[in-house]
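Chemist: The two chains are supplied separately, each in an independent frame; assemble them into the complex guided by the hints.
Heads up: the protein sequence lines correspond to chains S and C, in order.
Just so you know, we're using this note's numbering here: the first sequence kicks off at 1 and counts up by one.
Just so you know, we're using this note's numbering here: the second sequence kicks off at 201 and counts up by one.
Rather than coming from a laboratory, the hints here were simulated on the basis of the structure.
In this text, all values refer to a predicted model and were calculated from it rather than measured experimentally.
Be aware that a few hints might be false.
[Said to hold, decoys possible] Each computed SDA-like pair below joins lysine to any residue, with the alpha-carbon atoms no more than 20 angstroms apart:
no., chain 1, residue 1, chain 2, residue 2
1, S, K84, C, G308
2, S, K183, C, G281
3, S, K199, S, D159
4, S, K183, C, M359
5, S, K171, S, D190
6, S, K171, C, S259
[What the hints assert, rightly or not] Partial list, computed: chain S residues near chain C (C-beta under 10 angstroms):
no., residue
7, F62
8, H98
9, N106
10, S178
11, Y179
12, V189
Heads up, the beta-carbon is just placed ideally off N, CA and C, and yes, glycines get one too.
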Amino acid sequence: MNKALLSRLPLSSLALASLLAAGAAHADNAFPAGNYKIDPVHSVAYFEVGHAGGISRFMGRFNDMSGDLVVGAPEKSRIKVDVKVDSVDTRNEGLDKHLKSPDFFNAVQFPTLSFVSTAVTLSPMGEGMVAGNLTLHGVTKPVTFKLREVGTGSGPKGDTRVGYVASSTIKRSDFGMSYGIPKATTDEVDLRINIEAVKQ
Amino acid sequence: MPDSSFIFPLLLQSLLIPAAVCGALLLMFNASHRAWPVPVAIAAGLLASYLATYHAQWSFPPHQALDWMPLVLLLALGAIGVERSGRPLLRLPLALLVAAVVAWPALGSAGIAKILLSIASIALLMTACWSALAQAAPRRPTPPLLLAMVAGGAGLALMIDASQLIGQLCGALGIAAGVAGLLPRRRLPGNFGPAAAGVAVLLLGALLAYAHIYAGFGLGLVLLLAAAFLADPLMALRRQPAAWLASAVLAALPVMAVVGLAVKAMQDSGGY
Numbered sequence: 001m002n003k004a005l006l007s008r009l010p011l012s013s014l015a016l017a018s019l020l021a022a023g024a025a026h027a028d029n030a031f032p033a034g035n036y037k038i039d040p041v042h043s044v045a046y047f048e049v050g051h052a053g054g055i056s057r058f059m060g061r062f063n064d065m066s067g068d069l070v071v072g073a074p075e076k077s078r079i080k081v082d083v084k085v086d087s088v089d090t091r092n093e094g095l096d097k098h099l100k101s102p103d104f105f106n107a108v109q110f111p112t113l114s115f116v117s118t119a120v121t122l123s124p125m126g127e128g129m130v131a132g133n134l135t136l137h138g139v140t141k142p143v144t145f146k147l148r149e150v151g152t153g154s155g156p157k158g159d160t161r162v163g164y165v166a167s168s169t170i171k172r173s174d175f176g177m178s179y180g181i182p183k184a185t186t187d188e189v190d191l192r193i194n195i196e197a198v199k200q
Numbered sequence: 201m202p203d204s205s206f207i208f209p210l211l212l213q214s215l216l217i218p219a220a221v222c223g224a225l226l227l228m229f230n231a232s233h234r235a236w237p238v239p240v241a242i243a244a245g246l247l248a249s250y251l252a253t254y255h256a257q258w259s260f261p262p263h264q265a266l267d268w269m270p271l272v273l274l275l276a277l278g279a280i281g282v283e284r285s286g287r288p289l290l291r292l293p294l295a296l297l298v299a300a301v302v303a304w305p306a307l308g309s310a311g312i313a314k315i316l317l318s319i320a321s322i323a324l325l326m327t328a329c330w331s332a333l334a335q336a337a338p339r340r341p342t343p344p345l346l347l348a349m350v351a352g353g354a355g356l357a358l359m360i361d362a363s364q365l366i367g368q369l370c371g372a373l374g375i376a377a378g379v380a381g382l383l384p385r386r387r388l389p390g391n392f393g394p395a396a397a398g399v400a401v402l403l404l405g406a407l408l409a410y411a412h413i414y415a416g417f418g419l420g421l422v423l424l425l426a427a428a429f430l431a432d433p434l435m436a437l438r439r440q441p442a443a444w445l446a447s448a449v450l451a452a453l454p455v456m457a458v459v460g461l462a463v464k465a466m467q468d469s470g471g472y
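Bound-form chain C, shown alone (with noise of 0.2 angstroms):
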C-alpha cells in the first residue's frame, strides 16, 4: 500500500489544483464567446500547479532554470495574439522565444553551438505540432484530449525515469487540457480553438524541453511524443465521421510506447 502521505500531495499538487481552477475559469468566463479563456484557464491551472509544487524552490531573480517557467507561460500565452493576427508565420518566432529561455541557463555548461541547436530543434518541433493542431481544432473533439493524453503520458514517463518535478507539471498541464477537453461544450467558452492548441502545445514543449536539456530525457521520446500529435491531421485526411476514435488510438501508441521505454530504463538502471 502505497504511503498516503507521498501520494496524496502528488494529487494535489498534479490533479486537483490544476483541475479546480482550470474548471473554475472556464465556469467564470462562460458568459464571453471569445478565444482567450480556454488557452486562459489551461495556462492558470499550470501556473497553479507550478505554485503548489515549486513554491519553495522558486526565486526571484530567476536563479535555476525552471524559475524562469512564469515568463514561459506569459510568452506561451502569445499564442492567443499570434492566432488572432492571422499570421500563422509568427508561430514559429514565438515558438523560438520559448525554446530559448528554457535553453539560455544551460549555455554556461552545453556551449553556444549545442544550445543553438537545441532551441532550434525544440522549436521548430513545438511549430510543426501547434500548426497540426490548430489547423483539426476548430473542426475536430480531439485536441484538448490528445494534448492531455500526450501531456499526462509525458508526465508519468518524466517521474519514472527522469524529474518528477517536471513530470507533474506535465501531468498538471495534461489535467488541465483534459478538463477543458471534456467540460460540456455549451458550458465551454469560446471553444478549444488554435490560440488554445498553440499555448498548450508551446507549454508542454517548453516542459520536454526542460526534461530533455536539464533532466536527461531522451530525445528519442520527445519525438515519439511529437509524433502523437501527427495521429489527429493523418485520420482527418479519411474525412471519416468516426476518425476521431482512430485517431486517439493511434496517437495512445507512441504514448504507451513512451511509457514502456521509461519504465525499462528505471528497471534497467536498478529499479529506482
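Only chain S is shown next, with the shape it has when bound in the complex (with noise of 0.2 angstroms):
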C-alpha cells in the first residue's frame, strides 16, 4: 500500500485493520485446545486491600494453590482453582496468623478457596470474561473475573503450557467475613489470579 492510498483511507478504517492484524496475530499464536493441570510453582492468588479504613493499599497472597483447565471454544472452555487458605501469605508470621483465625478466614473450618467457572468469552485478542462460583468461607456466591490470555508454549521439558490472568473485586461481607469494616481492613477485596497450566 503506497503513502497516496493510505491517506485516503479514513482513520477508523485503519484501526480496524490494525485490530484485525493483531487478531489475526493473536489467532496464529491459538492457545492450544485440551485439559491442563496448573502449576502451583508458577500460579499465585493475590488478594488487595484497603488498610487502616482504605489510607494504603495491602497485598498478600496464597502460595497453595492446584486446579484444571479445559481450552477450547468458549462454551467448551472450563476453569476450576482451589486455593489452601491455610497457605496464606503476607510477609508478616504475627499477621498470617490472625488471617487464618475466625476474625477472617477461619482456616480451620474453611481450608479451601474455589473457584468454579460456569461461561467463558474470550475475544479474538484474547480478552474476555470468565463467571462462575467462588467458594470463600463457605460461602458460595457468584463472581465474574477479567479474564486475559498472557501466551503460550513449551516449557523446560518441552511441554505445552498457557498463562492466563483473572481478576475482580468482591466484598467479603458477602462472604460472611465481616470482621473489622471498615477500621481494620476495607470491604472491597480485589483478587488476582495468575495462571500457568501444563497441558496433560
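Modeler: Listed below in C-alpha cells is the structure:
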C-alpha cells in the first residue's frame, strides 16, 4: 500500500485493520485446545485490600494453588481453581496467623477457597470474562472475573503451557467476613489469579 | 496516641456493655436470693458483648463455629440445674456437650480422632476447674475475681497473639465476672455460688477452646490459664484468714506468664 492510498483511507478503517491484524496475529498463536493442570509453582492468587479504613493498599498472596483448565471453544472452556487458605502469606507471621483465625478466613473450618467457572467468553484479542461460583469462607456466590490470555509456548521439558490472568473485586461481607470493616480493612477486596497450566 | 475510633468500640463492646448488662441484671434481681441471678447476669453480659461485636457476622442457621455461641451460652446455663441437682458427676457430661458444640465444625478439616481428643481434653479441663471453683465459691470471695483475672488475661493474650474477636469476648466475660464479684455483697443476690462458677468456667472454657482449635492459641497457654484456678483450692488448704490475698497473687503468676508469652510471640512474628 503506497503512501497516497494510505492517506485516502479513513482513520476508522485503519483502526479496524490494525485490530484485525492483531487478532490474526493472536489467532496464529492460538492456545492449543485440551485439558490442562495448573502448575502450582508458577501460579499464585493475590488479594489486595484497603488498610486502616483505606489509607493504603495492602497485598497478600496464597502460595498453594491447584486446579484444572479446559482450553477450547468458549462454550467448552472450563476453569477450576482450589486455593489452600492456610497458605496465606503477607510476609508477616503474626498477621498470617490472625488472617487464618475466625476474625477473617477461619482456615480450620474453611480450609479451601475455590472457583468453578460456569461460562467463559474470550475475544480474538485474548481478553474476556469468566463467570462462575466463588466459594470463600464456606459461602458460595457468583463472581465474574476479567480474563486475559497471557501467552502459550513450551516449558523446559517440552510440555505445552498456557498462561492467564483473572481479576475481580468482591465484598468480603458477602462471604460472611465482616470483622473489622472498615477500620481494620475495607470491605472491597481485589482478587488476582495468575495461572500457568501444563497440557496433560 | 492510639486512634480513639479504634479503641472506643473495643471498650464499648468488651467493657461497658457487659458491665452495664451484668450490673443492671444483678440490681434488678436484688429481691431474689436464689442461685440463678448471678450466673444468668454473667451469661447475659457475655451475650450482650457477643451481639455488639459479632452481629454483622452472625448467621442463622449457624454457619461458622462462633455462630454457635448462643447455644453454648444456653448449655452453660445448664450448670445451674446441675448444681441444683446436687450431682457433681453431671458436670462432665455438660462440659462434654459444650466442648462438642465448639469443636464439631472443625471435623471436616481436623479429622474425627483429633476432634474427639480435643473434646475430651477440653471437657476434662473444664470439669476440673469447675469443681475446684465450686468447692471454694460458697466460702471465699475469690472465685469471681479469679475468673475475672483469668478471663481478662486470656482476652489480652488472645488479642495480642491469636484472635481479636475471641479476645474481646474473653475480656467481656472477665468484666462480667468482675462486676459480679465487686458489687457489694448485700446487693449480690444468691452470692457467687457453685452454679455461677460452673457457668463462668464453661463459658471461659468454650472461648479458650475456640481460640485453641480455630485461632492457633497454644495448648500450653490454655493449661497455664487453667493452672491459675488451682491457686484458690491450694491456699484454702492452709485455712488462714488472709489466704485469699496470697491465692490472688499465686493465680496472677500464670496469667501474667501467658500475657508475657503472647507478647513475645507477637514480637517474634514480626511485631504485628
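Chemist: Could you run down the list of hints and mark each one as holding or not?
Modeler: Structure-based check of all given hints:
For the given pair, K84 of chain S sits about 14 angstroms from G308 of chain C by alpha-carbon distance, which is consistent with the 20 angstroms threshold. Restraint check: the Cα-Cα separation between K183 of chain S and G281 of chain C comes to about 42 angstroms, which exceeds 20 angstroms; the hinted pair is violated. Our distance criterion of 20 angstroms between C-alpha atoms is met by K199 of chain S and D159 of chain S, whose separation comes to about 7 angstroms. Of the supplied pair hints, the one linking K183 of chain S and M359 of chain C holds, its CA atoms being roughly 16 angstroms apart against a limit of 20 angstroms.
Proximity of K171 of chain S to D190 of chain S is assessed by CA-CA distance (about 9 angstroms); at most 20 angstroms being required, the pair is judged to hold. Only pairs whose Cα atoms come within 20 angstroms are accepted, and K171 of chain S paired with S259 of chain C is accepted, the gap being roughly 17 angstroms. For F62 of chain S, the interface hint is violated, the least distance from its beta-carbon to any beta-carbon of chain C being 16 angstroms, above 10 angstroms. Taking 10 angstroms as the C-beta contact cut-off toward chain C, the hint placing H98 of chain S at the interface holds, the least distance being around 7 angstroms.
Using the Cβ-Cβ criterion of 10 angstroms, the hint placing N106 of chain S at the interface with chain C is satisfied: the shortest such distance is roughly 6 angstroms. Among the interface hints, the one on S178 of chain S holds; its C-beta lies about 4 angstroms from the nearest C-beta in chain C, closer than the 10 angstroms criterion. Taking 10 angstroms as the C-beta cut-off, the interface hint given for Y179 of chain S holds, the closest approach to chain C being about 6 angstroms. Interface hint status for V189 of chain S: violated, as the beta-carbon distance to the closest one in chain C is roughly 16 angstroms, over 10 angstroms.
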